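J.: Listed here are the chains, written in short residue letters.
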Amino acid sequence: MSARSSSSYADNDDEIDYSDIEAKYQVHFDEDFDNTLVVDGIPIIDKSKLERLLVKIAKEFSRKGAPIKQEDIFVPWDDAKDKSKGYMFIEFQGVDEASFALSALDGHPFDAKHIFKINRFSDIERYTNLDETYAEPKAEEYKPREHLRSWLADPQGRDQYATFRGDEVEIHWHGKPSQCEIAYKHPEPNWTDLYMSWSPVGTYLVTLHRQGVRLWGGASWKAQQRFAHPLVKLLDFSPCERYLVTWSHDPIVVPEGALQGPQYFSPEDEGNQMAVWDIASGSLLRTFPTIQEADDPSQKRQMQWPALKWSPDDAYVGRLTPNQQISVYEVPSMTLVGKKSIKIEGVVDFEWCPQGDRDRDDVEKDAKSEAKGPKKARENMFAYWCPEVANQPARVTLLAFPSRDILRQTNLFNVSDCKLYWQNHGDFLCVKVDRHTKTKKSIFCNLEIFRVREKGYPVEVVELKETVTEFSWEPKGERFAIVYSNDPNLGNPGPGITVKTDVSFYQLEHTKNDFRLLKTLPGRTSNTIRWSPRGRHVVLATVGSSTKSELEFWDLDFNLDDRREGQISKEEWGSGIQQLGTADHYGVTDVEWDPSGRYLATSASAWRHTLENGYAIWDFRGQELEKYILDRFKQFLWRPRPRTLLTKEQQRVVKKNLREYSRAFDEEDAADVHKESAELVAQRKRLVDEWNAWRSRCHAEAREERASTGQKVETEEKHEEKEEIEVWIDEVIEQTEEVVVE
Amino acid sequence: MRPILLQGHERSLTQIKFNAEGDLLFSCSKDHIINVWFSHNGERLGTYDGHNGAVWTIDVDSESKYMVSGSADNTLKLWSVANGKCLHTWEFPTAVKRVAFSDDDSQVVCITEQRMGHQGAIRVFNISREGDGKAQEEEPVHMFNPIGSKATVCAFSYQPGIIITGHESGKIALFDVKTGDEVNNNERAHNDVVTDLQMSNDRTYFVTSSKDKAARIHDTKTLMVIKTFSTETPLNSAALSPDRPYVLLGGGQDAMSVTTTSTRQGKFETRFWHKVFEEEVGRVKGHFGPINTIAVHPAGSSYASGGEDGFVRVHHFEDGYFKARPYGDVKIEQ
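Sequence lines, in order, name chains F and E. First residue of the first sequence: 1, per full-length UniProt numbering; consecutive thereafter. First residue of the second sequence: 1, per full-length UniProt numbering; consecutive thereafter.
The hints are simulated quantities; they were obtained by calculation from the structure and are not laboratory data. Incorrect hints may appear among the rest.
Claimed, not checked - Pulled a few chain F residues facing chain E out of the computed Cβ check, cut under 10 Å:
#1 ARG319
#2 ASP631
#3 VAL673
#4 LYS675
#5 GLU701
#6 GLU705
As the list claims (entries may be wrong) - Computed list of lysine-lysine pairs in DSS-like fashion (alpha-carbon distance at most 25 Å, straight line):
#7 LYS685/F / LYS331/E
#8 LYS213/E / LYS627/F
#9 LYS83/F / LYS49/F
#10 LYS65/E / LYS675/F
#11 LYS285/E / LYS627/F
#12 LYS285/E / LYS685/F
#13 LYS178/E / LYS150/E
#14 LYS440/F / LYS476/F
#15 LYS47/F / LYS69/F
#16 LYS627/F / LYS211/E
#17 LYS548/F / LYS285/E
#18 LYS476/F / LYS655/F
#19 LYS685/F / LYS323/E
#20 LYS440/F / LYS500/F
#21 LYS627/F / LYS227/E
#22 LYS143/F / LYS49/F
As the list claims (entries may be wrong) - If you want a taste of the chain F side facing chain E, the calculated C-beta under 7 Å gives, among others:
#23 GLY107
#24 TYR628
#25 LEU680
#26 LEU687
#27 VAL688
#28 TRP691
#29 ASN692
#30 ARG695
#31 ARG697
Keep in mind it's a predicted model, so treat the numbers as computed, not measured. No residue lacks a Cβ here, since even glycine has one placed at the ideal position from N, Cα and C.
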């Protein structure tokens with residue numbers, strides 16, 4: 001021991017016990033190999049290539065931010081074959097560097113055939129020391145989970161809706177008047193801090209909290225999943241409900257000692273604002289920063305939300321970098337498809353083409369036939385547009401993905417803005433082009449309609465002289481409605497100003513194969529079009545005005561029943577449009593159809609104004625069914641329904657036998673009315689009996705008390721004595737005497 | 001039938017009252033004047049002049065001989081109904097907010113406001129019915145200062161010496177006038193100012209209205225809430241219909257915020273609610289300001305409402321009203 005030998009008086013003092021000091025100051029050799037990694041999956045090579053391999057591997061590691069020197073690599077050698085053994089040891093400076101390299105390069109593809117598999121050296125040791133005898137793990141007791149779509153099995157086929165008032169969220173059933181009831185009310189107030197939302201097919205209810213997002217579902221409304229994104233403000237689901245995107249204004253901060261794991265943010269996510277989550281597992285897939293718009297404040301637009309756009313089958317997610325590119329990621333790996341973004345100079349917006357029932361069936365068929373023959377299903381596609389740049393005209397492009405084939409491109413001139421509207425089954429795409437005149441003083445509108453199902457993607461143009469403020473496709477249909485206006489107040493909204501608008505319907509005419517005006521409704525104030533999710537019915541509403549709040553209920557196939565009976569084609573173009581009713585909901589801010597297209601809900605939210613907040617439910621003809629005026633009412637949301645499970649055949653059978661079914665329902669209704677009225681009568685009788693009992697008790701008590709205190713006791717029957725006086729007044733008007741001569 | 005519009009006031013109405021027979025209608029207003037009208041045709045019979053401030057409250061005895069009024073000029077006046085002469089004036093340090101005759105017309109209770117360092121007080125006066133009525137005792141027989149939230153409305157209960165009060169906090173209480181003790185109370189009867197209190201015929205229950213947008217029927221003895229009528233607007237008045245099972249509610253947006261809202265949002269309608277089923281059965285429009293006070297004819301044949309707009313509207317019910325049986329034939333005790 002050096003300490004001892006260097007000491008001058010240590011020799012004569014052997015008894016002193018230095019062991020504690022020794023123990024304290026002894027230099028510890030780093031005996032654990034935590035800074036050493038075992039890298040597997042290295043190509044097996046012979047001596048001549050060793051040098052090159054080491055260089056390449058060192059480069060690969062440094063590229064990923066874990067620089068290593070060649071000297072630190074040890075390659076075990078199989079002398080018998082004179083080849084490497086296919087793995088190597090790498091020693092790092094410290095444990096942290098090793099951990100980083102492990103996380104960065106484990107599973108990293110080195111080349112086409114080889115993927116790094118990295119483990120800690122110490123782990124290898126642990127694995128080898130594992131007890132080889134197989135101990136049967138205890139089977140965890142199976143706890144059946146609630147069916148998340150149990151609400152669909154409601155025997156009465158009712159829909160649900162959620163209301164948010166004050167700090168209370170309630171889930172209601174909505175059906176016939178006797179069947180409307182509260183389905184669930186959370187035991188504590190403040191179920192959500194900001195607002196609530198349903199997932200796209202209604203499986204989950206989402207609540208937002210300071211800590212993040214929670215999903216609720218099942219018959220008992222238990223918490224199903226949570227995503228820890230502090231101060232989350234916005235959220236968006238993928239269409240098939242597999243993924244969730246959250247956004248917070250505050251960049252992600254991972255404090256010291258924060259929980260780590262696949263469900264939490266790691267230090268690499270710091271500074272980002274947007275997160276993508278896998279709903280089933282709850283794990284974080286990736287985070288993104290919000291894209292900074294151009295610094296020029298005049299160009300500053302509101303952030304687009306959803307910022308990530310999902311392909312309809314949840315296979316891809318696209319992210320737009322304005323003016324530069326569209327990056328499409330594969331889900332769930334969240335890697336850039338083809339390792340590169342689609343560079344499009346000046347790109348402003350893009351939209352995925354939705355899938356129709358037909359596409360979904362095709363996809364299913366393809367999956368069944370397993371790569372036999374050519375795939376029938378349509379490839380995913382999206383449309384994007386770029387404005388005029390330099391000498392290039394503005395363009396709208398239809399692009400297939402992942403093949404990246406340009407399917408159709410049209411050039412446009414004098415464009416100030418474009419909006420892309422896909423019909424919900426992906427049959428048509430309408431590009432609403434706001435064009436300015438040469439002087440840039442007035443704006444008019446073109447509708448460029450792509451017929452996506454047809455060969456060559458024909459485009460047709462509907463030219464209008466006015467500004468179109470609202471455009472809406474009929475779901476599943478071949479019609480669309482527009483609201484347009486040339487009101488001078490259009491550009492400068494102010495309090496009390498109601499913009500005069502016209503509403504037009506267009507329909508695809510099959511003989512000529514173009515879109516033709518069906519009907520124009522002039523002189524409206526409507527600014528909102530809401531098609532029934534089943535098509536045919538449409539509601540025009542004046543929303544957000546302080547003076548007008550009209551709702552118009554229209555049927556576009558009013559004579560459909562006649563037509564079935566054989567009078568096809570005779571009818572005039574546009575004669576099937578019929579107004580079913582009008583209504584008024586003062587201060588309406590939101591209009592929403594229920595998923596079945598039978599009812600319409602309108603609500604006046606306290607987020608917009610505080611006058612007559614509340615909601616009303618109407619049937620499709622505009623008859624008011626329920627109306628509640630509730631102060632501090634904030635939000636009304638129908639619970640969405642997933643796609644029907646019935647095949648086309650089954651649906652056809654149902655439609656054919658509709659009369660028979662409806663007879664059963666009518667009987668049920670009649671019985672219901674009886675039962676309901678009987679219940680109501682009984683309830684009222686109870687109330688009356690209670691009241692009368694209380695009254696007679698009061699009478700008795702009061703009489704007794706008055707008697708005991710010597711007050712005048714009112715006689716029970718106090719007949720008011722009415723004296724009836726009959727007065728006859730004889731008035732002599734004229735008196736004549738006549739002599740009758742006999 | 002068209003309502004009769006009584007245009008005799010220049011400012012908003014504060015209280016209206018039918019006499020026991022229902023042939024006369026008394027109205028008082030912030031314009032210092034008390035008017036009396038024939039209820040069947042709306043002809044004005046006369047006025048009671050003398051107050052120098054807004055007249056907050058009036059009450060008529062059961063013989064229609066005397067009328068009392070309380071005003072912001074800090075006086076309580078006793079009037080002869082027949083000739084409009086002021087018989088006696090009591091003066092207080094603060095305004096009189098509410099007056100009420102007792103069942104046997106022998107006493108009057110009044111509430112004076114808590115203001116300018118003076119405590120709110122409840123006083124009970126004996127009313128002498130001898131002679132021409134000018135000889136009245138100057139001093140109250142009972143006087144006390146209720147502690148806590150100040151009283152806004154009051155009435156005699158059916159038990160002698162007990163009065164019912166409604167308070168600013170929404171409390172309803174019973175006071176023994178002799179001792180000034182709070183005999184019973186219901187702190188949570190309402191959540192806001194109690195604006196009106198009207199007794200049933202036999203005084204065993206009463207209806208209150210409040211700014212908390214609800215009206216309630218209470219048991220006089222226990223002060224238990226028997227029925228609740230929830231509306232979407234602050235209520236200023238609630239009245240019981242004597243022969244039909246309805247309560248009449250009136251109110252509307254506060255006078256302050258009225259100018260910023262249109263009439264359709266103001267909800268200046270008289271609402272008819274079924275007393276037992278707690279369901280609204282109808283509304284009567286008309287006023288273009290909040291309704292401040294409602295009174296029902298003692299025989300139930302008509303009702304009148306007085307509004308912030310300065311008008312009194314007398315509505316005579318039509319045959320249909322009496323024939324209508326919206327809930328079938330149910331016998332409901334009064």
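J.: None of the hints should be skipped; say for each whether it holds.
T.: Checked hints:
Taken as an interface hint, ARG319/F does not check out: its beta carbon lies about 46 Å from the nearest beta carbon of chain E, beyond 10 Å. Below 10 Å, beta-carbon pairs count as interface contacts, and ASP631/F has one with chain E at about 7 Å; its hint therefore holds. Because the closest C-beta pair between VAL673/F and chain E is about 16 Å apart, greater than 10 Å, the hint is violated. Violation of the interface hint for LYS675/F is found here, the shortest Cβ-Cβ separation to chain E being roughly 17 Å, above the 10 Å cut-off.
Restraint check, GLU701/F versus chain E: the minimum CB separation of about 7 Å is within 10 Å; hint holds. With its C-beta approaching chain E no nearer than about 6 Å, GLU705/F sits inside the 10 Å limit, and its interface hint holds. Between LYS685/F and LYS331/E the CA atoms are separated by roughly 10 Å; this keeps the pair inside 25 Å, and the hint holds. With a C-alpha separation of about 18 Å, the suggested pair LYS213/E and LYS627/F falls inside the 25 Å cut-off, and the hint holds.
Proposed proximity of LYS83/F and LYS49/F is supported: the alpha carbons are some 10 Å apart, at most 25 Å. Between LYS65/E and LYS675/F the alpha-carbon distance is near 56 Å, which puts this suggested pair outside the 25 Å criterion. For a cut-off of 25 Å, the pair hint linking LYS285/E to LYS627/F stands: about 20 Å separates their Cα positions. This hinted pair does not check out: LYS285/E and LYS685/F have alpha carbons roughly 31 Å apart, beyond 25 Å.
The hinted pair formed by LYS178/E and LYS150/E meets the criterion: a straight-line CA distance of about 19 Å does not exceed 25 Å. The suggested pairing of LYS440/F with LYS476/F is violated, with an alpha-carbon distance near 37 Å, which exceeds 25 Å. Among the hinted pairs, LYS47/F with LYS69/F is consistent with the structure: their alpha-carbon atoms are about 19 Å apart, no more than 25 Å. Distance check on the hinted pair: LYS627/F and LYS211/E sit about 23 Å apart at the alpha-carbon level, within 25 Å; holds.
Distance check on the hinted pair: LYS548/F and LYS285/E sit about 21 Å apart at the alpha-carbon level, within 25 Å; holds. Annotation: proposed proximity of LYS476/F to LYS655/F holds, straight-line Cα distance about 17 Å (limit 25 Å). Among the hinted pairs, LYS685/F with LYS323/E is consistent with the structure: their alpha-carbon atoms are about 20 Å apart, no more than 25 Å. Restraint check for LYS440/F and LYS500/F: satisfied, since their Cα atoms lie roughly 23 Å apart, inside the 25 Å limit.
A threshold of 25 Å between alpha carbons decides the hint, and for LYS627/F with LYS227/E the separation of about 23 Å falls inside it, so the pair holds. At roughly 56 Å between alpha-carbon atoms, LYS143/F and LYS49/F are farther apart than 25 Å, so this suggested pair is violated. Interface restraint check: GLY107/F against chain E, minimum CB-CB distance 62 Å, threshold 7 Å, status violated. Proximity of TYR628/F to chain E is violated relative to the hint, the smallest CB-CB distance being about 9 Å (cut-off 7 Å).
Evaluation of the LEU680/F hint against chain E yields a violated restraint, the C-beta minimum of about 9 Å exceeding 7 Å. Taking 7 Å as the C-beta contact cut-off toward chain E, the hint placing LEU687/F at the interface holds, the least distance being around 5 Å. For VAL688/F, the interface hint holds, the least distance from its beta-carbon to any beta-carbon of chain E being 5 Å, beneath 7 Å. At a threshold of 7 Å, the smallest CB-CB gap from TRP691/F to chain E is about 5 Å, leaving the interface hint in force.
Look at ASN692/F: its Cβ gets to within about 5 Å of chain E, closer than 7 Å, so that hint holds up. Against a cut-off of 7 Å between C-beta atoms, the interface hint on ARG695/F holds, since the closest Cβ of chain E lies about 4 Å away. For ARG697/F, the interface hint is violated, the least distance from its beta-carbon to any beta-carbon of chain E being 9 Å, above 7 Å.
Taken one by one, the earlier hints fail for this structure at numbers 1, 3, 4, 10, 12, 14, 22, 23, 24, 25, 31, listed in ascending order.
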